[in-house]
Structures are given as structure tokens and as C-alpha cells.
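The numbering of the sequence shown is this note's numbering, which starts it at 19 and goes up by one.
Hints are computed from structural coordinates only; laboratory data are not their basis.
Fair warning: this is a prediction, and the values are worked out from it, not measured in the lab.
The beta carbon of each residue, even a glycine, is placed where N, CA and C say it ideally should be.
A hint or two may mislead.
[To be verified] For lysine-lysine, the following PhoX-like pairs were computed, each having C-alpha atoms within a straight-line distance of at most 25 Å:
#1 Lys-261 x Lys-290
#2 Lys-230 x Lys-261
#3 Lys-290 x Lys-230
#4 Lys-261 x Lys-213
[To be verified] Using C-beta positions, here's what the derived DEER-type ranges look like:
#5 Ser-54 x Arg-219: 52 to 62 Å
#6 Gln-147 x Pro-398: 54 to 64 Å
#7 Ala-227 x Tyr-146: 15 to 25 Å
#8 Ser-53 x Thr-367: 15 to 25 Å
#9 Gly-122 x Ser-54: 22 to 32 Å
#10 Glu-368 x Arg-388: 23 to 33 Å
#11 Gln-221 x Leu-120: 20 to 30 Å
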Amino acid sequence: MLSRKSVTAASAGFWMKSFGPLVVLSSLFCLTSGSSERDRVHDLMSRFPLIDGHNDLALQLRILHNNRLSQVDLYNLSKVSTDITRLHAGHVQAQMFAVYVLCGAQQKDAVRLTLEQIDVVRRMCSEYQDFELVTSAQGLRDSAMRRKIACLISVEGGHSIDSSLAALRMFYRLGVRSMSLTHTCNTPWAESSSKLYDVYRRQNDSLTAFGKAVVEEMNRVGMIVDLSHTSWDTASAALQHSKAPVIFSHSSSFSVCGHGRNVPDRLLLDLKQQRGLIMVNFHSNFVSCSDEANISHVADHFDHIKQVAGAESVGVGGDFDGAVNFPLGLEDVSKYPALIQELLRRNWTESELADVLRHNFLRVFEEVERVRDQLSSTRPSEVQIPLEEVQNPCRLVLRPPSPRGSSHLSPSSRAQHGPRGLLLLAVVLRLSSRLVIE
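Construct the complete structure from the given sequences, taking the supplied hints into account.
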């Protein structure tokens, strides 16, 4: 009589002989399936390489290297999530590089700092042969044909123009093709989603008359209006006022994660109506409302936005090097294929993913340029913001100096100039007197 132990061993042996080959075949199928999925993603992204809406590498170049490009190798960068090698691995064909300066520079040197950030992006895109500065939709297409990584420049935060339409136009001439109306601070003319800075608080005035003039001038010159970081009321007003489609360059769905930086369904519907684009942000706090997230959390946002606004309204705006926490499996720019693989598993079609990867952004950019061309006969706007709305102590009120010195200024003139104005006036008068003597 066999013991229970012997019977168990004999039974196990029988099952291994009978089903062992099936286990091996099953394992091989899983490996082959995983390999075929990766091959499918590689083929798809080779044919339709990614246009990503937001990357803050330029900010990290300032923080870590003070914009000294001679001290770094952009093919291999440490302490950041972006370099040329990883962009290639992630099938990124075009990257919108943000030129961002802290909101603390508002009313100070924001314009100068923004110019320096534009300079570093232009330099890195001209000094490395894998990069190419691009300023048009056709340029994006041509760059893809040349197998270059196209560099697009975006100003992050309307505080960078210091409420000046002339500054906006000059940024455009330097290659800027997108600007977000706010960052984490209000401007004198638009409202932020953040309450971090207690500046320019207004009641029921989320996009002022000057704010509408900014949107109109962006339409006229052909600059994409970006609503990431704006309040919902500002976003709604801009959606209604813009003649061209707008984007959220790095935002996610509020219904999936109730963070104030995300976009509610009512705005997604307005965006669909306007034929605009929301480019999903990967920051963990925006996709899972916690410090930890995974690829599935990110894919949930794509699914929800597709359900509400359609696949034609979705893009990718990773926000690498701008945020701190990223989902497991999406830690840097080389990992984009993992997200596309997840979306394929969720039955997104290759046609839908081709739109998400690049066609949706190209469509929006081309429409922005079409509106620009329609407005080509419109003269540059000369709208100026009222000084009482700016309340900027660093703005000089231009007046001719008194020929007899600052001591003869009227009390009202002294009050308007203030101590800084008096000091500047004194310097001007001293120089003037020397010129007269000489």
C-alpha cells in the first residue's frame, strides 16, 4: 500500500509529465507576446514619433550649471530626466522646451531672465547636430524627414512679458511659438490656478481687457495660447475669446485626479468644440493625487479624456525636469514607449495613437498659422495696460527731466517719481550738465 506521501509524489509526477509542456509553451507565449508588443510599439513610434508638449530641461541647465553649456554633454546628463540619448530611445521627434523663470521675478527682471532662457535653448539646439530649432508646422515635418529632434520654444508664464505686447512680439521673433498665460502666480491680466503667490487678486475678472488683447495678439502673430496653470475661469474665457485652437501643454483630467492643475470635463467639452488639445502631464501628484503613481494611473487619464473629448483632443506633455515625482515605469523621456504599449493593451487603435503622438499637435499648430495668415493685414496691437493695473514700482514713468534739477519738481511730481525716480533723475541731470559744459 502506498503512503499518502508516495501517492502525492506520483500524482505530481503525472501532472508534470502531462502539463509541463503546456507550462513551458505558456511561458514562451508570454515572452513572445511581450516581445511582439514592444516590436509593435517600436514600429508605430518609428512611423509616428512623438511631439511632446512640455519639458523643463532649460530650467535645470540654469539651476545645475548656470546655463554654461560648455560644461555639460547633452548626450549624457546626470541629475535630470532628459538628454539626447534618452530622447532618441523614447522616440521623441519634437520637444517643446519651456523657457521658465520663477514668479518671484514678476515686477523685477522677468523679461531679462526669459531672454537668457531663450538664449540657452537656442544655443543647445544649434550646437548639437541632433537638435534643430523649428518655428513652424512645416518645419516640424521637414525636421522629421531629416531625422532631427525638433526644438520648439515655449514661454511658461505670462509674467515673462511684463504686460507688454511689444515684448510678446519680440519673443515671437526670437522663435517662441507658445506661451502659457500664467504660471503659479496671477498676472495683472490673467488668473492662475495656484494660490501660492498673493499678487493681483481680483474679483470675477479672470481675463481682463488687456488679457484679451494678449490672446488677440498671440492669434495675430501665430503663437499658440497655452492654458496650463491658468484658473478654470481664465481658461474658459480664453477658450471663448481665441480665434485659434488652444492647448493645455501639460495638464491632466480633474475627474480622474481632483487636483486644481487638472482640467474639468466642462472645459474638456469646450476644448473639443474649439478643436484644441490637452497634452497629458505625467507628474505623479497630478495623475494619482499622491507622490506615487504607475503607468496605469497615467493611462486612466488618456482613457477618460478620450471618452469625454475624443482621441483627437489628446496629446502628451510629460513635464519632465519640471516636476519631482513621476510614475513607476515613466521616470524619464526614454520611457514613453511603455505608455503607448499600455494604451495598445487598452484597445487604442494605431490611428488614434498616431494622432496622440503627433497629428493632433500638428493640426492645432497648422490651424494657429492659418488664423495668423487670415489676420496678416491687421496691424500690431498698440493696446497698453493701465499703470494702475500693473502697480509695478520698477516701471519708469517717462517724463522729460526738469531743466533746473529735481529740487524744483512739484510735490505731485516728486510723489510720482519716488526715491528711485529722484535718484535716476539726478544722474540724468548730472550727465546733461556735463554734456552742456563740454
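Here is how each hint holds up against the structure:
no.	hint	in the structure
1	Lys-261 x Lys-290	14 Å, holds
2	Lys-230 x Lys-261	11 Å, holds
3	Lys-290 x Lys-230	21 Å, holds
4	Lys-261 x Lys-213	29 Å, violated
5	Ser-54 x Arg-219: 52 to 62 Å	56 Å, holds
6	Gln-147 x Pro-398: 54 to 64 Å	36 Å, violated
7	Ala-227 x Tyr-146: 15 to 25 Å	43 Å, violated
8	Ser-53 x Thr-367: 15 to 25 Å	21 Å, holds
9	Gly-122 x Ser-54: 22 to 32 Å	51 Å, violated
10	Glu-368 x Arg-388: 23 to 33 Å	27 Å, holds
11	Gln-221 x Leu-120: 20 to 30 Å	26 Å, holds
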